[in-house]
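Engineer: Chain A is already provided as a structure; the job is to place chain B on it using the hints.
Those sequence lines, one after another, are chains A and B. So for the first sequence, the UniProt record's numbering puts the first residue at 1; every next one is plus one. So for the second sequence, the UniProt record's numbering puts the first residue at 1; every next one is plus one.
The reader is advised that the hints may include incorrect statements.
[Claimed, not checked] Once the Cα atoms are required to be at most 25 Å apart in a straight line, the calculated PhoX-like pairs of lysine-lysine come out as:
# : chain 1 : residue 1 : chain 2 : residue 2
1 : B       : K394      : A       : K114
2 : B       : K299      : B       : K432
3 : B       : K299      : B       : K288
4 : B       : K104      : B       : K288
5 : B       : K104      : A       : K57
6 : B       : K292      : B       : K104
[Stated by the list, open to error] Some chain B residues well away from chain A (every beta-carbon gap over 12 Å; in silico):
#  : residue
7  : T96
8  : V128
9  : M173
10 : N207
11 : A249
12 : G300
13 : R456
14 : T485
Calculated directly from the structure, the hints in this document are not laboratory data. In this text the structure is predicted, and so the values were computed from the model without any measurement. Backbone N, C-alpha and C fix where the C-beta goes; we use that ideal spot for every residue, glycine too.
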Amino acid sequence: MRTLERCLALALLLVGAIGIHGASGLSLWDEYTVGPGAAPITYGAILMVCAAVVAVKPSGGGPIDWGPYFPRAISLLVLAAGLAFSIDYIGFTGGLFAFSFAGLAFVARLPPLKALALAAIWVALLYFVFVHLLNIPFPRGLWI
Amino acid sequence: MEYDVLSALGGGFARMMDWRMLAACLAGTFAGTLVGVLPGLGPSAAIAVLLPVTYGADPLFALVAMSGVYVGAMYGGTITSVMLNVPGESASVVTTFDGYPLAKQGKGALALGLAAIGSFLAGTLGLVFLTIVAIPLASFALKFGPAEYFAVMILAFTLIAALTGGSVVKATMALAFGLLIGTVGQDIVSGFPRLTFGSMDLLDGINFLPAVVGMFGLAEVLQDISNPSSFLTDKKSRFRLREVIPTRAEFRETIGAMFRGGFLGFFIGVLPGAGATIASFLSYGIEKRVSKHPEQFGKGALCGVAGPESANNAASSGAFVPLLSLGIPGSSTTAVLLGALVLLGIQPGPRLFAEHPDVVWGLIASLYIGNVMLLIQNTVMVPFFVWLLRVAQKVLPVVVATLCFIGVYSINNSMTDIWIMLAFTVLGCLFKYADIPASPVIIALVLGPMAEASFRQALVISSGSPLVFLTHPISAVLLLISALTLIYPLLRRGPGMAEAA
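In isolation and in its complexed conformation, chain A is listed as follows:
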């Protein structure tokens, strides 16, 4: 756990540094008040100090309990990223169907036919509620 804490603290230290660097071109003081650069530089500095403390002296002990099904969680995250990528090509409805089917088949470990049927019903329900009842348009893709 300490290693993860250290890595995360170092990443946040970098975020703080990027924040300070990004705001360094902005003025710190305008007429009668602080300029647009003051807040990001202050927050970035606080973030860097705290992250440095955590990186030097992490408080966690013992190994991280990733859980017995951690790979499945990663699978769902990959599927979610895949859905975000695929929307431009197969549209939101197609992407949601593919995501639901893959999620039910590979993460929930349902039989393929059951997963297919459930995914179809679920996406049809979502389409009906959001597109027809709430008038929220689902974007179309290049192919569908």
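Structural biologist: Only chain B this time, still in chain A's reference frame:
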């Protein structure tokens, strides 16, 4: 702002006597109970997902539904804590200490009955306090200028850092991260782009809703997939409905715990950063201390369930006090509610009671009505919720994930928001594994721009003198309290506390 509180509340009840409002309240509380029962979707993410659905609706209708989700989740979390030893919400963790042993003794239904009754009594007590306190506090807050508002927000930040739990340094780090990303976008005063690095998508800033859904929705789903609860084969969670009602002796034994929890929970709930989880733990500690049989705690003490459950529900009522009176959220859930109010065209804060009395009193009235609905749902419908939990556990992650996608996309019809949500999902998971609190990030993301605006306005008004924060008495006192909040633990524990805290 002088008017009769009772007649104003009466007006709120009159506004609620519309079938659509009652339906919104019923649907919100039911959905909230589901959110509490089913692991994977916290109340803040659920409200964030619900928000786009309510665009264009009557603001009160939307707020009634969202508040129903918030209070309903507090009730629902109890069911899995008692029956399955799996807390649905962090505020219900302490309920597992005695609730699950009671379930193993065959008294699970009784524990749930006492929790529901305690939640109802304490929740109503908290609402009475909210009704009494909100107007005087809002009237007082009308005297606030930018300096006072900035001081209130600094107090909120220090309390969040000190009371969120775990390491103060980690909480401050999360807070600073939220504040920093809150500055991304066009500066409201000068119009300069800040930290956008040339991206047009970031000019409008980072919307907090995708961040909430990522950190508290999808990240929770992933955690739940990694560490699924082992209740699918548990058969102990079946009982008859009549077992839910406590006997007169059992009620008499626990009524004190319910009221103690109610009082404590309300006052803890008012404090930013403290909230329902701390209230429930404190209540458990107090009940153990005042009990004639402290040895029974951890083995199935009725007061060990009634007290904390009452406290966490009263805390959710208390959390509405700073939100409605000052426009300051104390938790990630109330931060989402604050964002919802703004998106619905209502500015929370001291003028809320004067400018939108129908909405605010309608909302408070809906909380009273919602409490009654929740009492019925959480006694009569418990077997249904447990059944649903068994049936839906496998497909739940996919269902929640698709709802998160649609909810976030519908906010601005933007794919950037989807990517922001995914980034915060990864961050939320890493924060959880590294034991870094996530709620300060969200609160800072919401409050940070407001704090900066107040700070800059106060300086402009005082012609650039930073002494403005010390010459205004209210601001000076609030800043002093903030300083003491940070310094006191250091003085008490000595150097080196920072790491130990």
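Engineer: Each hint: holds or not?
Structural biologist: Hints, one by one, checked against the model:
no., hint, verdict
1, K394(B) x K114(A), "13 Å, holds"
2, K299(B) x K432(B), "29 Å, violated"
3, K299(B) x K288(B), "12 Å, holds"
4, K104(B) x K288(B), "21 Å, holds"
5, K104(B) x K57(A), "42 Å, violated"
6, K292(B) x K104(B), "23 Å, holds"
7, T96, "18 Å, holds"
8, V128, "36 Å, holds"
9, M173, "4 Å, violated"
10, N207, "16 Å, holds"
11, A249, "42 Å, holds"
12, G300, "27 Å, holds"
13, R456, "4 Å, violated"
14, T485, "16 Å, holds"
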